[in-house]
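Peer 1: The lines below spell out each chain.
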Amino acid sequence: MLEIILLALVFLMIVGALVAIETPHVLYAVISLGAVGFLLSIVFLFLSAPDLAITQLAVEVITLVLLLQATARGAGEKVAPEGGLVGRLATGTLVLLLALAGGRMLAEFPPFGQPVMDRFADAPSNHYLREGLPQTGAANIVTAVLLDFRAYDTLGEASVLFCAVLGALSVLRRPARTRPEEATGNEETGEEPDARLDEPEQGEGPS
Amino acid sequence: MIQPEGREGMSLIVRTVCRWVKGFILLYGIYIVLYGHLTPGGGFSGGVIAASAYVLLVLAEGERSALAVFSRSAAATGDSLGVLVFWGMALAGLLLAGGFAVNFWTTPASARFTLLSSGIIPVCNMGIGVKVCCSLYLVCLVLFAARQRIFQEDEKGDSP
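Going line by line, the protein sequences match chains A and B. Take any residue in the first sequence, note its place counting from 1, add 99, and you have its number in our numbering. Take any residue in the second sequence, note its place counting from 1, add 121, and you have its number in our numbering.
So here's chain B without its partners, still in its complex pose (with noise of 0.2 Å):
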C-alpha cells in the first residue's frame, strides 16, 4: 500500500474518491444522531458512521493524513467526553427529578415529531455519537498500528 514515492495510503484515485466521499459518511452519521429520536438510528449507529468515515481517511490517505485531521488526543478527548455527558445526564436527573437517569427536561405535546423534543433523549445520543466514533476510531488506529508492527518484526525475522 505505500506509493513509490514514499507516500502513505492508496492510488490516486482511492484518494480522489475518498477527498468526495468523506463528507457525505460523516454528514449522514451526524444526521442519524440527530434525527435519532424520531427516525430509525440513534447515537450508537450513527457514531459507527461517523467513525467509518475516519477509518476511511486512515486507510486511503495514511494514518498521518488522518492524524493531522483528528489527532489521537482529540479523539481520547471525545471518547471521555461521550460518556461524561451520558454520566452527567444522568445525574442531572437525580439531582433535579429526584431519580437516576430520569427524563427531567419536560417538553409540550405540540413539540412532538420536531427537533427539539423528548428531553434528554438527544443530548444523551449525542453523547453517545460522539463517544462511539472517537472509541471506533480509535481501535481502529490502534489495530491497524499493532499489525503494521507485528508484520515488521516478521519481516526483521525473517532476513537476518
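Chain A extracted, bound-state conformation (with noise of 0.2 Å):
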C-alpha cells in the first residue's frame, strides 16, 4: 500500500517538474516547482522522516516566496523555449547515462523497507541507534547525530550559513554614494539614497 502511495505520489512530482519545464508562463512554473516541493515533503512524511518532512515544508515555503517575488513583475512574461540541435543531443545523453547509472544502482539497493545500512552488524548507523538515548539522553535520535555524535559537521554547517549570509549582504548592499567632489560629470550620482534599509529614524515610524 505504502509503495504505491509513494508511486503515485512520485509520478505527480514528476509530472509538476515536466510543467515547470515545459510551460511558457513563468508564473506557473514556479507554481509547480512549488507543488514538486510540498510533493517531496509530503513523500519525506510517508518514509517516517517528520524531520525532513517540516524542514522541507519550511523552506519550501520560503523559497516559493522568495521565487514569486522575484518573478512577480514578469508573472505574465511568456519564455520560448530554446534548444538546437547539439542541445537536445546532449540532454538525451546525458538523461541515458543517468538512467543507467541509477539503475546500476537500484539493482544493488536491498528491498524496499530494509535499512541500507542494516546488512552490516557494526554499521555506525546500529551504534548510533543503540547508543543514542544512553549516551546524548536525547529522545530524537536524528538531533541526537546531529548535535553531538556529528556536532563538527553541524558546526561546520552553521558556520558556512553564517559567511553565505555575509557574503549576500555584503554583495547586495546598497551602492554608496560617490564623494561630490568625484561626482562631477556623472548624472546619477544625484538620487536621493532610501534609507528603507537602515534603522527606521524616529517619528517615521508606521502611522
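Since the hints were derived computationally from the structure, they do not count as laboratory data. A portion of the hints provided could be inaccurate.
Claimed, not checked - Covered by chain A, according to a simulated footprint, are these stretches of chain B (three or more residues, beta-carbon under 8 Å): (1) 131-138; (2) 141-149; (3) 155-162; (4) 166-180; (5) 213-226; (6) 249-256.
Note that beta-carbon positions come from the ideal geometry of N, C-alpha and C, so glycine has one too.
Once you've looked at the hints, go ahead and assemble the two chains, each given alone in its own frame, into the complex.
Peer 2: Now the structure itself:
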C-alpha cells in the first residue's frame, strides 16, 4: 500500500517538474516547482522522516515566496523554449547515462523497507541507534546525531551559513554614494539614497 | 502592492490575517526549536518557521513596519550571537571535557524525555534557531530591497 502511495506521489512530482520545464508562463513554472516541493515533503512524511518533512515544508514556503517575488513583475511573460540539435543530443545523452547509472545503483539496493546499512553488524548506524538515547539523553535520534555525534559537521554548516549570509549582505548592499567632488560629470549621483534598509528614524514609524 | 493612500504593504484583509497569524507561526517555530531533542524538528527547521513569520510581516505590512518590529541591527546581532553560542558550546567542551564539541553537561537517566535533558543539545538548538531565523530574515529583506531597486532603475530607463 505504501509503495502505491509513494509511486503516485513520485508520479505527480515528475508531472509537476515536466510542467515547470515545459510551460511558457513563468508564474506557472514557479507554482509547479512549489507543488513538487510540497509533494516531496509528503513523501518524506510517508517514509517516516518527519524532521525532513518539516524542514522541507518550511524551506519550500520561503523559497516559493522568494521566487514569486523575483518573478512577480514578469508573471505574464512567456518564455520561448530554446534548444538546437546539439543541445537536445547532449540532454538525451546525459539522461541516458543517468538512467544507466541509476538502474545499476537500484540493482544493488536492498528490497524496499529494509535499511541500507542494516546488513552489516558493525555499521555506524546500528551504533547510533543503540547508543543514541543512553549516551546523549536526546529522545530524537536525528538531533542526537546532528548535535552530539556529528556536532562538528553541524558547527561547520552553521559557520558556512553565516559566511553565506555575510556574502549576500555584502554583495546586495546599497551602492555607496560617491563623494561630491568625484561625482562631477556623473548625472546618476544626484539620486536620493533611500534609507529603507536602515533603522527607521524617530517619528517615522508606521502610522 | 502600494496602497492608494501611500501605505506600504497589502490590503486590509491580508494585514488583519497577518496580525492574527504571525504570533502563532512564531510560537510554533519556538516550540520546534525548544523541543528539537524530544520531537521531530530542531534548530534549523524551527528557525526557518520563525523567520517565515517575519517574512510574512515584510510582505503584508511592508518593510518599514517589519523593521520597526525587528530592526536590521537586531537581526545582525542575533545572526552573530547564534553562531557564537554554538562555537562557545563547542569550545567549552574542549575546556571542560577535553574534547572539541563534547557534550560536557551530563544529565541523569531519570531526566530523559523531559525538556531539561541531553546536556548541551537544546542550547545548541537554540543558538542555531536564532541564527537561522535572523539570517533568513536578513537575506529576504536584502533580496526584496534589491529587487525593488532594480525595478525602479528599469522604470527610469524605460521612460526617459
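Peer 1: Has the stretch 141-149 of chain B got at least three residues whose CB is nearer than 8 Å to a CB belonging to chain A?
Peer 2: violated (count 0)
Peer 1: When I compare C-beta atoms, does the stretch 249-256 of chain B have three or more residues closer than 8 Å to chain A?
Peer 2: holds (count 4)
Peer 1: Are three or more residues of the stretch 131-138 of chain B within 8 Å, CB to CB, of chain A?
Peer 2: Coverage by chain A is violated here, the residue count being 0 at a Cβ distance below 8 Å.
Peer 1: Test coverage of the stretch 213-226 of chain B by chain A using CB-CB distances below 8 Å; three residues minimum.
Peer 2: Since three or more residues must qualify, the claim that chain A covers the stretch 213-226 of chain B holds, with 3 doing so at under 8 Å.
Peer 1: With a Cβ-Cβ cutoff of 8 Å, does the stretch 155-162 of chain B contain at least three residues near chain A?
Peer 2: holds (count 6)
Peer 1: Given as covered by chain A, does the stretch 166-180 of chain B meet the bar of three residues or more with CB within less than 8 Å?
Peer 2: holds (count 7)
Violated hints, in rising order: 1, 2; the structure is consistent with all others.
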